[in-house]
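Based on the sequences and whatever the hints tell you, model everything.
Chains as they are written, first to last, in my numbering: chain A, 12 to 431; chain B, 12 to 485.
If you are wondering where the hints come from, they were derived from the structure by calculation, not from laboratory data. Hints should not be assumed to be uniformly reliable.
With a Cα cut of at most 25 Å, we get these calculated DSS-like pairs of lysine-lysine [stated by the list, open to error]:
id: 1; chain 1: A; residue 1: K204; chain 2: A; residue 2: K396
id: 2; chain 1: B; residue 1: K188; chain 2: B; residue 2: K152
id: 3; chain 1: B; residue 1: K228; chain 2: A; residue 2: K230
id: 4; chain 1: A; residue 1: K408; chain 2: A; residue 2: K67
id: 5; chain 1: A; residue 1: K103; chain 2: A; residue 2: K166
id: 6; chain 1: B; residue 1: K152; chain 2: B; residue 2: K228
id: 7; chain 1: A; residue 1: K165; chain 2: A; residue 2: K103
id: 8; chain 1: B; residue 1: K284; chain 2: A; residue 2: K226
id: 9; chain 1: A; residue 1: K332; chain 2: A; residue 2: K103
id: 10; chain 1: B; residue 1: K299; chain 2: A; residue 2: K111
id: 11; chain 1: A; residue 1: K103; chain 2: B; residue 2: K203
id: 12; chain 1: A; residue 1: K47; chain 2: B; residue 2: K228
id: 13; chain 1: B; residue 1: K485; chain 2: A; residue 2: K165
id: 14; chain 1: A; residue 1: K34; chain 2: A; residue 2: K13
id: 15; chain 1: A; residue 1: K91; chain 2: B; residue 2: K395
id: 16; chain 1: B; residue 1: K299; chain 2: A; residue 2: K226
id: 17; chain 1: A; residue 1: K34; chain 2: A; residue 2: K411
id: 18; chain 1: B; residue 1: K485; chain 2: A; residue 2: K230
id: 19; chain 1: B; residue 1: K291; chain 2: A; residue 2: K226
id: 20; chain 1: B; residue 1: K284; chain 2: A; residue 2: K230
id: 21; chain 1: B; residue 1: K203; chain 2: B; residue 2: K43
id: 22; chain 1: B; residue 1: K299; chain 2: B; residue 2: K203
id: 23; chain 1: A; residue 1: K165; chain 2: A; residue 2: K230
id: 24; chain 1: B; residue 1: K399; chain 2: B; residue 2: K384
id: 25; chain 1: B; residue 1: K475; chain 2: A; residue 2: K165
id: 26; chain 1: B; residue 1: K399; chain 2: A; residue 2: K13
id: 27; chain 1: A; residue 1: K13; chain 2: A; residue 2: K67
id: 28; chain 1: B; residue 1: K299; chain 2: B; residue 2: K260
id: 29; chain 1: A; residue 1: K91; chain 2: B; residue 2: K475
id: 30; chain 1: B; residue 1: K475; chain 2: A; residue 2: K166
id: 31; chain 1: A; residue 1: K226; chain 2: A; residue 2: K191
id: 32; chain 1: B; residue 1: K394; chain 2: A; residue 2: K13
id: 33; chain 1: A; residue 1: K393; chain 2: A; residue 2: K408
id: 34; chain 1: A; residue 1: K47; chain 2: B; residue 2: K399
id: 35; chain 1: B; residue 1: K394; chain 2: A; residue 2: K111
Bear in mind the structure is a predicted one, so any value in this text is a computation, not a measurement.
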Amino acid sequence: MKRDLVIIGGGPAGLAAALEAKKNGIDDILILERDKRLGGILQQCIHNGFGLHIFKEQLTGPEYAQRFIDEVERLGIEYKLDTMVLHLGDDKHITAINPKDGLMEIDAKAVVLAMGCRERTRGALNIPGNRPAGVFTAGAAQRFVNMEGYMVGKKVVILGSGDIGLIMARRMTLEGAEVKMVVELMPYSTGLKRNIVQCLEDFDIPLLFSHTVVKIHGKERLEGVTIAKVDENRRPIEGTEEYIECDTLLLSVGLIPENELSREANIKINPVTSGAYVNELMETSIDGIFACGNVVHVHDLVDFVTEESYLAGYGAAMYIKGQYKKDGKRFNTMGVNGIRYVVPNSICPQNVKGSVNFYMRVSDVYHNVNLIVKDGENIIYKSRKNHVSPGEMENVKLSKEVLEKVDGNELVFSLEEVAK
Amino acid sequence: MYDVAIIGAGIVGTSIARELSKFDVSCVVIDKSNDIANGSTKANSGIVHAGYDAKEGTLKAKFNVLGSEMYEGICKELDVPYKRNGSLVLAFSDEDMKHIEMLYNRGLKNGVRELEIIDKNKLLSLEPNLQDNVVGALYAKTGAIVSPFELAIALGENASQNGVEFMLSTVVTKVYKENDLFVIETNNGVIKAQYLVNAAGLFADDINSMLGGQEFKIIPRRGEYCLFDKAVGNMVTRTIFQTPTNKGKGILVSPTVHGNLFVGPNAIEMDKKDDVSTTKEGLEEVIKGGNRSVKGLNPRDIITSFTGVRATPSTGDFVINIPTKNAVNAAGIESPGLTASVAIAPYVVNLLQEQGLRLNRKSDFIATRQNTKLFINMTENEKKEVLKQNPLYGRIICRCEHITEGDIISAINRPLGAKTVDGVKKRVRAGMGRCQGGFCMPRVVEILARELNVSPIEITKSDKDSYILTGETK
Numbered sequence: 012m013k014r015d016l017v018i019i020g021g022g023p024a025g026l027a028a029a030l031e032a033k034k035n036g037i038d039d040i041l042i043l044e045r046d047k048r049l050g051g052i053l054q055q056c057i058h059n060g061f062g063l064h065i066f067k068e069q070l071t072g073p074e075y076a077q078r079f080i081d082e083v084e085r086l087g088i089e090y091k092l093d094t095m096v097l098h099l100g101d102d103k104h105i106t107a108i109n110p111k112d113g114l115m116e117i118d119a120k121a122v123v124l125a126m127g128c129r130e131r132t133r134g135a136l137n138i139p140g141n142r143p144a145g146v147f148t149a150g151a152a153q154r155f156v157n158m159e160g161y162m163v164g165k166k167v168v169i170l171g172s173g174d175i176g177l178i179m180a181r182r183m184t185l186e187g188a189e190v191k192m193v194v195e196l197m198p199y200s201t202g203l204k205r206n207i208v209q210c211l212e213d214f215d216i217p218l219l220f221s222h223t224v225v226k227i228h229g230k231e232r233l234e235g236v237t238i239a240k241v242d243e244n245r246r247p248i249e250g251t252e253e254y255i256e257c258d259t260l261l262l263s264v265g266l267i268p269e270n271e272l273s274r275e276a277n278i279k280i281n282p283v284t285s286g287a288y289v290n291e292l293m294e295t296s297i298d299g300i301f302a303c304g305n306v307v308h309v310h311d312l313v314d315f316v317t318e319e320s321y322l323a324g325y326g327a328a329m330y331i332k333g334q335y336k337k338d339g340k341r342f343n344t345m346g347v348n349g350i351r352y353v354v355p356n357s358i359c360p361q362n363v364k365g366s367v368n369f370y371m372r373v374s375d376v377y378h379n380v381n382l383i384v385k386d387g388e389n390i391i392y393k394s395r396k397n398h399v400s401p402g403e404m405e406n407v408k409l410s411k412e413v414l415e416k417v418d419g420n421e422l423v424f425s426l427e428e429v430a431k
Numbered sequence: 012m013y014d015v016a017i018i019g020a021g022i023v024g025t026s027i028a029r030e031l032s033k034f035d036v037s038c039v040v041i042d043k044s045n046d047i048a049n050g051s052t053k054a055n056s057g058i059v060h061a062g063y064d065a066k067e068g069t070l071k072a073k074f075n076v077l078g079s080e081m082y083e084g085i086c087k088e089l090d091v092p093y094k095r096n097g098s099l100v101l102a103f104s105d106e107d108m109k110h111i112e113m114l115y116n117r118g119l120k121n122g123v124r125e126l127e128i129i130d131k132n133k134l135l136s137l138e139p140n141l142q143d144n145v146v147g148a149l150y151a152k153t154g155a156i157v158s159p160f161e162l163a164i165a166l167g168e169n170a171s172q173n174g175v176e177f178m179l180s181t182v183v184t185k186v187y188k189e190n191d192l193f194v195i196e197t198n199n200g201v202i203k204a205q206y207l208v209n210a211a212g213l214f215a216d217d218i219n220s221m222l223g224g225q226e227f228k229i230i231p232r233r234g235e236y237c238l239f240d241k242a243v244g245n246m247v248t249r250t251i252f253q254t255p256t257n258k259g260k261g262i263l264v265s266p267t268v269h270g271n272l273f274v275g276p277n278a279i280e281m282d283k284k285d286d287v288s289t290t291k292e293g294l295e296e297v298i299k300g301g302n303r304s305v306k307g308l309n310p311r312d313i314i315t316s317f318t319g320v321r322a323t324p325s326t327g328d329f330v331i332n333i334p335t336k337n338a339v340n341a342a343g344i345e346s347p348g349l350t351a352s353v354a355i356a357p358y359v360v361n362l363l364q365e366q367g368l369r370l371n372r373k374s375d376f377i378a379t380r381q382n383t384k385l386f387i388n389m390t391e392n393e394k395k396e397v398l399k400q401n402p403l404y405g406r407i408i409c410r411c412e413h414i415t416e417g418d419i420i421s422a423i424n425r426p427l428g429a430k431t432v433d434g435v436k437k438r439v440r441a442g443m444g445r446c447q448g449g450f451c452m453p454r455v456v457e458i459l460a461r462e463l464n465v466s467p468i469e470i471t472k473s474d475k476d477s478y479i480l481t482g483e484t485k
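See the structure below:
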């Protein structure tokens, strides 16, 4: 089958990309979604706090998703559920499968990658001890509790103060479980401040910084964990071990963009983000393959995913219509001095529509710094920040006019201390 | 009443059961766990050893070489993944080279075919990712790899097809003789048999004591492993051993039949037989040991780690003997036990025959067992065909390994099929990949509950107390 645009993933990223491509004149769109419903991970995020930027109101995850799903339905954009993409080639040939259509071979003019991310596991952390039942990634537990309607435990320890872990601390408490503590390896939280307040502090759940789980106990079902304090190199300090009795350990220890298909298509992956390098229209290193959302870099807020995905949908539409010019002047972006990464990675100003929102993460907690953007020695943007943290994504919006004036071949983002 | 009762459904017990099922013999296999291969068989290196390692004249040497020769045929009959990838014993010094010569000569005496001592150049041309300070190696082309638990499951299934009964979740509490019959008391009632085989693995010394056999001890020895992502599964293609030193046997680096890579095991004597926990020190030790052989192993690529416990006999060699009339011990089957087990089986059957068990070959013995062919391994035509018959083969449940709902249902509905999440994992690899079941585990629970017609709350990870869910939400 031949299609103009195939979008891999029907979560918030894929839905927004589809809507924007349609708006820009692409009618032949197919969304491939592996789950039973559209909406991606938002389906199981039944708490509120979504949509503050895009809709200026607080929505639950399913509500936020539904706004996009309704629009997709209204515009008659085709989607296939229960559909897994097995292969993606750099020629934009896709092999996909579902129970209804069986194996499908699809040639697309353009592809948008919107596969999202997966959770880091106990295995990836290599936590020693037994391998009993009762050790879940926070997202798997969330699926059981919020979608399947089953509780996963009664006495809970949560490792990692990522947002899903914080949200699950509250959720498990509301369901009657005793959440004994959240243990965080770093000296700061990797989750949003508002989640720490609303999910832990409001329920008197202790949050232990610079601690980790060093051993898992229990032959069949989890019986307890040993926690320990860690030093500045994140190594457990001997003598600080403490046994905590629990039947459940939830892991919220980071998300990894799911780029198995991207790698297969020879797309260049940024080792810092584990996502594809992308340009001003969210195009990857492979011609006509775009990417957006958590498959590019892990976001804190779905609102930013939506914005980024609109851009990818627009880019794909321009590409299909032949209006996307690749011959113009181009420069790269780079993060130094406390800026761990910047997305997008390169900009061709002539393709920019209005402005570019640059997303970035800092590498540590800093106070009283300026976030500056330099073109050579020339400072083209400066913003004072009282507090920045790796747990909260920063963004800088630069207009097309500003970008067109960039002289050098690199735009450098950095932090500098504020002179006292 | 049975002709033969076998205690233990690991690789040894299932091998013997399958061998007995060739004859008109009524046979039952008893195991305390709720699945085949839940002990040492589940967690070991999965190596079919060539046979140069065990000292000449030992049972280990004898059955290793015999077993190695039999393996390919049995795996073919039973449709089990097996790969003759060859193995290398690395030498890092002249002293190591001397040891390797000794192994070479021992191998020749043991009757190992296709052994060769190779120099550094040849070694690095075979395996370019080895460390630069290697000086040479013993190359055993007959070394192979296998999926040990899949083989035990296949042996069990085939035995079951041929009439052997399996009593799982059945704990033997007492064994005694009454009127020339063995009386086996269990939590599931009393089982009587004329002949008894002790293949109880780590607990074989306890059963031997109940039988009044000459005393030996099983010393549990832990071996820790780290399993790496398939993305780095081709760093080596052969099984990489190190020259044993007086400090120990050295750490292996090996591909698995499914394309992962593992490092391990260490060897730590323990007090408890059922302690399968890993330790920080142990995991560090095996990673360090792997780095000694292979360049560029990155701990970030580890997807899981685990411990296997070896059943090391106090006698130093396999204990295959007659503890009391009409019984046979097949005990202390530590490395190279996986390799040896298929050769031990006919020998044990022979010992039973010598004690009077009448063996008449079945005319209707089913020699082959066909495994569920995973959708992902099918040809394009097979895929189309199976999808026409069962659309559920079109629903991918395990994203990492591309395992479909059809594959999982088939694993559940096979003879001696999967009843637990780990049972599914052992049979069709759902949850075996890099996300370690993060996405598919809830789906697997749902499918198990539906197929077994129970509530999801009753589904366990492995044995009966490994419950996953604690109840419904409010």
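Here is how each hint holds up against the structure:
1. A distance of roughly 16 Å separates the Cα atoms of K204 (chain A) and K396 (chain A); the hinted pair therefore holds under the 25 Å criterion.
2. Distance restraint check for K188 (chain B) and K152 (chain B): the Cα-Cα separation of roughly 48 Å exceeds the 25 Å cut-off, and the hinted pair is therefore not satisfied.
3. Straight-line distance between C-alpha atoms of K228 (chain B) and K230 (chain A) comes to about 24 Å, which keeps the hinted pair within the 25 Å bound.
4. A distance of roughly 19 Å separates the Cα atoms of K408 (chain A) and K67 (chain A); the hinted pair therefore holds under the 25 Å criterion.
5. In summary, the hint linking K103 (chain A) to K166 (chain A) is not supported, as the alpha carbons are separated by about 48 Å, beyond the 25 Å threshold.
6. Among the hinted pairs, K152 (chain B) with K228 (chain B) is inconsistent with the structure: their alpha-carbon atoms are about 35 Å apart, more than 25 Å.
7. With a CA separation close to 48 Å, the supplied pair K165 (chain A) and K103 (chain A) exceeds the 25 Å bound.
8. A threshold of 25 Å between alpha carbons decides the hint, and for K284 (chain B) with K226 (chain A) the separation of about 19 Å falls inside it, so the pair holds.
9. This hinted pair checks out: K332 (chain A) and K103 (chain A) have alpha carbons roughly 16 Å apart, not beyond 25 Å.
10. Taken as a hint, the K299 (chain B) and K111 (chain A) pair is broken in the structure, with Cα atoms around 49 Å apart against an allowance of 25 Å.
11. Note on K103 (chain A) and K203 (chain B): the hinted pairing is violated, with a Cα-Cα distance of about 65 Å set against a maximum of 25 Å.
12. Distance restraint check for K47 (chain A) and K228 (chain B): the Cα-Cα separation of roughly 54 Å exceeds the 25 Å cut-off, and the hinted pair is therefore not satisfied.
13. Under the criterion of a C-alpha separation no larger than 25 Å, the hint pairing K485 (chain B) with K165 (chain A) is consistent with the structure, at around 13 Å.
14. At most 25 Å may separate the alpha-carbon atoms for a hinted pair to count; K34 (chain A) and K13 (chain A) meet this at roughly 21 Å.
15. Taking the CA atoms of K91 (chain A) and K395 (chain B), the gap is about 19 Å. The hint holds against a cut of 25 Å.
16. A threshold of 25 Å between alpha carbons decides the hint, and for K299 (chain B) with K226 (chain A) the separation of about 20 Å falls inside it, so the pair holds.
17. Taking the CA atoms of K34 (chain A) and K411 (chain A), the gap is near 22 Å; set against the 25 Å cutoff, the hint holds.
18. Taken as a hint, the K485 (chain B) and K230 (chain A) pair is broken in the structure, with Cα atoms around 29 Å apart against an allowance of 25 Å.
19. Pair hint K291 (chain B) plus K226 (chain A) holds up; C-alpha atoms about 8 Å apart against a cutoff of 25 Å.
20. Restraint check for K284 (chain B) and K230 (chain A): satisfied, since their Cα atoms lie roughly 12 Å apart, inside the 25 Å limit.
21. With a C-alpha separation of about 17 Å, the suggested pairing of K203 (chain B) with K43 (chain B) holds against the 25 Å cut-off.
22. Using a Cα cut-off of 25 Å, the hinted pair K299 (chain B) and K203 (chain B) is violated, with the two alpha carbons roughly 50 Å apart.
23. In summary, the hint linking K165 (chain A) to K230 (chain A) is supported, as the alpha carbons are separated by about 18 Å, within the 25 Å threshold.
24. Only pairs whose Cα atoms come within 25 Å are accepted, and K399 (chain B) paired with K384 (chain B) is accepted, the gap being roughly 16 Å.
25. Proposed proximity of K475 (chain B) and K165 (chain A) is supported: the alpha carbons are some 18 Å apart, at most 25 Å.
26. A distance of roughly 23 Å separates the Cα atoms of K399 (chain B) and K13 (chain A); the hinted pair therefore holds under the 25 Å criterion.
27. The hinted pair formed by K13 (chain A) and K67 (chain A) fails the criterion: a straight-line CA distance of about 39 Å is larger than 25 Å.
28. Annotation: proposed proximity of K299 (chain B) to K260 (chain B) holds, straight-line Cα distance about 14 Å (limit 25 Å).
29. With a C-alpha separation of about 39 Å, the suggested pair K91 (chain A) and K475 (chain B) falls outside the 25 Å cut-off, and the hint is violated.
30. A distance of roughly 20 Å separates the Cα atoms of K475 (chain B) and K166 (chain A); the hinted pair therefore holds under the 25 Å criterion.
31. In summary, the hint linking K226 (chain A) to K191 (chain A) is supported, as the alpha carbons are separated by about 17 Å, within the 25 Å threshold.
32. Pair hint K394 (chain B) plus K13 (chain A) holds up; C-alpha atoms about 22 Å apart against a cutoff of 25 Å.
33. Proposed proximity of K393 (chain A) and K408 (chain A) is supported: the alpha carbons are some 11 Å apart, at most 25 Å.
34. Distance restraint check for K47 (chain A) and K399 (chain B): the Cα-Cα separation of roughly 21 Å lies within the 25 Å cut-off, and the hinted pair is therefore satisfied.
35. Between K394 (chain B) and K111 (chain A) the alpha-carbon distance is near 14 Å, which keeps this suggested pair within the 25 Å criterion.
Violated hints, in rising order: 2, 5, 6, 7, 10, 11, 12, 18, 22, 27, 29; the structure is consistent with all others.
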